[in-house]
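S.K.: Single-letter residue listing:
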Amino acid sequence: MTPLGKVYGPTPAQFAAEAVRLAVADAGLSLADVDGLLTSSGVSGGISIDLQRDLGLTDLRLLSHMQAYGSTAGAMVQFASMAVQSGMASVVACVFADSPLQPERNAGAAYGSRRAPAGWWGLLGASGVVGANPMYALAARRHMERYGTTSEQLGHIAVAQRAWAALNPAAQLREPITLADHQASRWIVEPFHLLDCCLVSNGGIAVVVTTADRAASLAQPPVHVLGWAQAHPGRYLRRDPDFGLVSGAASAGPAALAMAGIDLTDVDVAELYDCYTFTVLLTLEDYGFCPKGEGGPFVASGVLGPTGKLRLNTGGGQLSGYYMWGMTPLSEAVLQARGQAGARQAPAHDIVLVSGNGGVLDHHATLVLASAAAAQ
Amino acid sequence: VSGVGPLARDAATAEFCDAAAAEKFLLRRCPAGHASEPAVSQCTTCGQTDLHWDPAGGGATLVSWAVSWSRPVAGEPSRQTILVIGELDEGPWWWTQLAGDPPPAYVALAAGCRLRIEFRRADADHEAVPVFVLA
Chain A
9 MTPLGKVYGP TPAQFAAEAV RLAVADAGLS LADVDGLLTS SGVSGGISID LQRDLGLTDL
69 RLLSHMQAYG STAGAMVQFA SMAVQSGMAS VVACVFADSP LQPERNAGAA YGSRRAPAGW
129 WGLLGASGVV GANPMYALAA RRHMERYGTT SEQLGHIAVA QRAWAALNPA AQLREPITLA
189 DHQASRWIVE PFHLLDCCLV SNGGIAVVVT TADRAASLAQ PPVHVLGWAQ AHPGRYLRRD
249 PDFGLVSGAA SAGPAALAMA GIDLTDVDVA ELYDCYTFTV LLTLEDYGFC PKGEGGPFVA
309 SGVLGPTGKL RLNTGGGQLS GYYMWGMTPL SEAVLQARGQ AGARQAPAHD IVLVSGNGGV
369 LDHHATLVLA SAAAAQ
Chain B
45 VSGVGPLARD AATAEFCDAA AAEKFLLRRC PAGHASEPAV SQCTTCGQTD LHWDPAGGGA
105 TLVSWAVSWS RPVAGEPSRQ TILVIGELDE GPWWWTQLAG DPPPAYVALA AGCRLRIEFR
165 RADADHEAVP VFVLA
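Taken in sequence, the protein lines are chains A and B. So in my numbering, the last spot in the first sequence is 384, and the numbers never skip. So in my numbering, the last spot in the second sequence is 179, and the numbers never skip.
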């Protein structure tokens with residue numbers, strides 16, 4: 009990964025190229041070994057398959073730009089895994105980068121004002137429904153209404169992730185916060201306080217996918233991809249009885265675990281996509297960490313944070329760590345599975361469950377990763 | 045509570061905007077009688093593409109709500125906009141603000157509240173925007 013956060017200057021394409029160079033070197037490979045490249049861009053765009061030329065990669069056997077919003081990182085690893093399994097390619101670099109932040113411009117502006125005031129999108133914007141915040145807030149409110157979930161319960165997620173971030177040198181926000189801080193933070197869109205919402209970050213992250221045989225002789229402990237699945241419910245801006253109550257995680261999670269041949273009790277570490285605190289709560293329910301509707305009491309029960317028994321979003325996630333879409337949970341999962349997470353390393357880290365969520369709870373990707381020891 | 049924003053029409057929304065100007069909210073209806081959200085190109089129930097515009101009755105039920113707070117500016121109070129999902133009596137959902145004068149007391153909102161569609165404009169140069177009000 010490149011430096012992340014308020015890092016000004018590089019374009020998304022420059023961040024992406026640097027992330028690939030760093031990941032390839034980290035693996036003990038050279039760019040000449042790369043024969044597959046999957047690219048993904050964020051809100052500021054600027055990344056395409058032209059990255060091949062930027063990196064001087066010639067004679068690739070796999071090249072594509074992918075977009076499934078926050079589920080893209082997981083999806084890239086899935087396609088890369090299938091590519092190396094089939095022999096289509098042998099070393100596939102998967103990269104995401106973004107640089108929405110500009111000096112002297114607030115983070116909200118970086119993600120707002122991109123809707124043209126015409127057409128159906130313009131109609132939504134003119135109505136006041138602008139960007140992701142209102143849509144996720146409407147989802148969270150529906151969950152609250154149906155199950156009695158509270159803002160304080162969501163706050164437990166924010167507080168726990170900040171405690172994890174304090175242990176992560178790469179995290180943008182490392183000062184501890186309390187539940188009272190969460191409650192006192194300004195409203196963004198009720199029921200979300202500021203501390204329910206993710207950061208905005210500049211930077212790039214890449215991972216390298218290759219065969220298990222080849223990975224065994226490379227520079228880093230291999231991380232095995234044991235299972236994966238996607239789910240795309242497809243009901244965005246349509247009547248949706250599941251809205252705010254059940255997401256694609258409910259089908260992708262069990263499918264990925266089944267592919268890996270394990271169940272939830274085998275999971276040592278969970279890195280769950282956290283554009284908002286609520287996304288974590290819903291994914292916990294959908295994956296089965298607690299029964300449907302009991303996510304609120306579950307996250308408030310003391311299971312979270314470095315002293316809790318559930319190792320969840322151990323790098324601080326996107327709320328307190330860095331906002332690199334699906335690469336945030338994926339990068340922390342890789343570090344945990346390798347046993348390289350420093351002060352925040354989970355003592356047991358054989359099986360790491362990773363989620364990616366995109367759109368408004370409308371695209372989901374799950375990965376089941378395993379340490380080298382667990383895969384044997 | 046802030047009002048609606050400026051809106052221009054495009055080819056896809058022209059008929060919807062014409063009807064909105066006459067205070068009618070158009071849905072898409074298929075030959076089998078299913079109602080779909082106005083932006084669809086095929087029926088959300090049966091997939092038929094032979095759709096016609098059909099005015100909704102204007103009644104709806106509250107599905108969910110949220111309150112958007114404007115970014116604080118020194119010396120000015122934050123503006124609040126109540127945003128809601130309404131389930132139209134015909135079935136489709138719609139996302140817009142909950143208007144009212146005086147502004148509705150959102151602490152009293154609950155799923156199932158009855159709503160009614162009205163229309164507001166940012167100004168005379170812009171298209172009418174559907175909003176909900178408490179029925």
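Please note that the accuracy of each hint is not assured.
[Claimed, not checked] Output of the computed footprint for chain A on chain B, the stretches with three or more beta carbons under 8 Å from beta carbons of chain A:
(1) 49–63
(2) 70–77
(3) 96–103
(4) 139–149
(5) 152–166
Hints were generated in silico from the structure; no laboratory data involved. Source: prediction; values computed, not measured. For every residue, glycine included, the Cβ atom is placed at its ideal position computed from N, Cα and C.
S.K.: Checking C-beta pairs, does the region 139–149 of chain B have three or more residues closer than 8 Å to chain A?
M.R.: Three-residue rule met by the region 139–149 of chain B, so holds; n is 3.
S.K.: With a cut-off of 8 Å between beta carbons, are at least three residues of the region 70–77 of chain B near chain A?
M.R.: violated (count 0)
S.K.: Can you confirm whether chain A covers the region 152–166 of chain B, using C-beta to C-beta distances below 8 Å and requiring at least three such residues?
M.R.: holds (count 3)
S.K.: Between the region 49–63 of chain B and chain A, are there enough contacts, at least three residues with CB-CB distance under 8 Å, for the coverage claim to hold?
M.R.: Since 9 is at least three, the answer is holds.
S.K.: Given that the region 96–103 of chain B was listed as covered by chain A, double-check it with a C-beta distance under 8 Å for 3 or more residues.
M.R.: As far as the region 96–103 of chain B goes, the hint is violated, because 0 residues have Cβ atoms under 8 Å from chain A.
Hint compliance for this structure: hints 2 and 3 are not met, and every other hint is.
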